[in-house]
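With these hints in hand, go ahead and build the complete structure from the sequences.
So the sequences go chain by chain: A and B. FYI, this note's numbering numbers position 238 of the first sequence as 238, with every residue one higher than the one before it. FYI, this note's numbering numbers position 249 of the second sequence as 1249, with every residue one higher than the one before it.
Treat the hints as calculated values from the structure; they're not laboratory data. Hints are supplied without guarantee of correctness; some may be wrong.
[Unchecked claim] With the C-beta cut set under 10 Å, the calculated list includes, among others, these residues of chain B facing chain A:
id: 1; residue: 1099
id: 2; residue: 1171
id: 3; residue: 1179
id: 4; residue: 1181
id: 5; residue: 1184
id: 6; residue: 1192
id: 7; residue: 1195
For glycine and all other residues, C-beta sits at the position ideal for the given N, C-alpha and C.
Residue strings, one per chain:
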Amino acid sequence: MVSAPVLEAQQVGMTFDRGTSREVIAFRDITFALRQGEIISIVGPSGCGKSTLFNVIAGLLRPTTGCVKVDGVEVDGARGHVGYMLQKDLLLPWRSVLDNVMLGLEVRGIAPAEARQRALSLIQRYGLAGFESARPKALSGGMRQRVAFMRTLALDPQAILLDEPFSALDFQTRLILQGDVKRIIREQHKAAILVTHDIGEAIAMSDRVLVLSRRPGTIKAIHDIDLGSLTDPGAMRRSPAFNETFDMIWREMDGHTQMTA
Amino acid sequence: MLGYGADMDAGTATNHAVSSARERVGSRLVLVYQSILIVGLFVLWEVLVRIKVLPVYLYGQPSGILAKTQFLLADGELLSHVGATAFASIVGFLVGTTLGSVSGLLMWLSKTVALVLRPVIVAINGVPKIALAPLIVVWVGVGLGAKVAIAASLTFIVSLISVYQGTQEVDEDLVKLMKSLGARPFTIWRKVIVPGSTPWILSTMRLNIGFAMIGAVVGEYISSKVGLGFLIYNAGALYDLNSVFVGIFCLMALALVFDAMLSRAEARFKW
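Written as structure tokens, this is what we have:
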């Protein structure tokens, strides 16, 4: 699998209030490449600048050093080149499920009929059929996140940023949604970056796990994950490879988490 | 276009039916207590006046108020007063609330404009609008124009301030999401800020109908020959307290009618 990277970070660094007494280096020297169909997880202690890194990748913040490239072109401002999914589902409560999924397409100026068609096919394909006209208030947390994911997919972004999207869900819903999101990203030939505190989630969902150090965040370790053909979340978590990697990452994060826990 | 509607799944609908049945039983009981309270107060009032604990020339008298109401209704005078006040209130309310809400929403688009206008708005808000009444009379003349202008100026400023506040309460992350989708400020305003502020617009409306009535009545005090404000003011000057109370009760009735209309409108916009 040697395709050109969908998204590249080259020595990206972010410093706030540079040159003043309040100068804070959020992170530096972040370099990685994300290929089509790949999921990379970023784990690290609180305050290692993960959310800031996401804002830089999405083009909401300009990095102080280095650059982010999407399809080989440097990111310059928020252009909707990446999809964004957060812990909060951020559904508009006055819109139906269908209208929420169509939000990004509307913003892009896609013709309503086509937007509707695209949104409907996603909704029906990925387990929300029959809820097209329901209000977000009537849905469970897991279903709401599903809608948020459909909204992200509808724009057909090259890469999807997942900012702890499962952390507010109960354990069972979380496992199911993790599996579904992973499968759909593969099916749709997308690429994704997942930020999470949950080491198990990082291993279960991704091809590679980047471990960030405490502020100033740098890449402390990279783990390639190979769980063979396992897809069942339970079986995955019982496999020796899973547990070995879990222990390794746990130890790498340990020194930091003790400080903040 | 924004996708408002009343669709619900079956489960919620059933729950809703059960709870509203319980509410209906409760509200019937409340209605009974309310009637007892009001009738009781009127009876007490009447008795206190009849046994001469309260002098009738200072407090009026329920039986006298009733007779006065019949008298004023008979020659159509009362209806024209009620109509004049209601009309001025509604027009003032619509003008002030619309202009104020739209301005409050638009202010979201420019932080600079909002910051520049802030002290001006605070200053205007601090002035009792009644103090502006003579100015308004000079500008627009006496009669309907003055009443509407006073009502509109009161409601404008209330809408402006609270609707702007509403735009600031819209989840910052929704704005961020829209930006990440590539939306420009005007699109964010139209698709998120405006619909997200509707609860504030609607709750301000309920507040504003009261302010519009204050404006209309004050206008009638100072510069009108018709309307409940005129009736009250004029009768008060003549120590005709029964007529004053007729005016006050009509204002209360109007306020209740307006409020009921607005809460219906509000219920339709619940999501």
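Do the hints match the structure? See the list:
1. 1099: violated, 24 Å
2. 1171: holds, 7 Å
3. 1179: holds, 5 Å
4. 1181: At 4 Å from the nearest chain A Cβ, residue 1181/B passes the 10 Å test, so the hint holds.
5. 1184: The hint holds - residue 1184/B has a Cβ within 10 Å of chain A, the shortest such distance being about 9 Å.
6. 1192: holds, 7 Å
7. 1195: Because about 5 Å separates residue 1195/B from the closest Cβ in chain A, which is inside the 10 Å limit, the hint holds.
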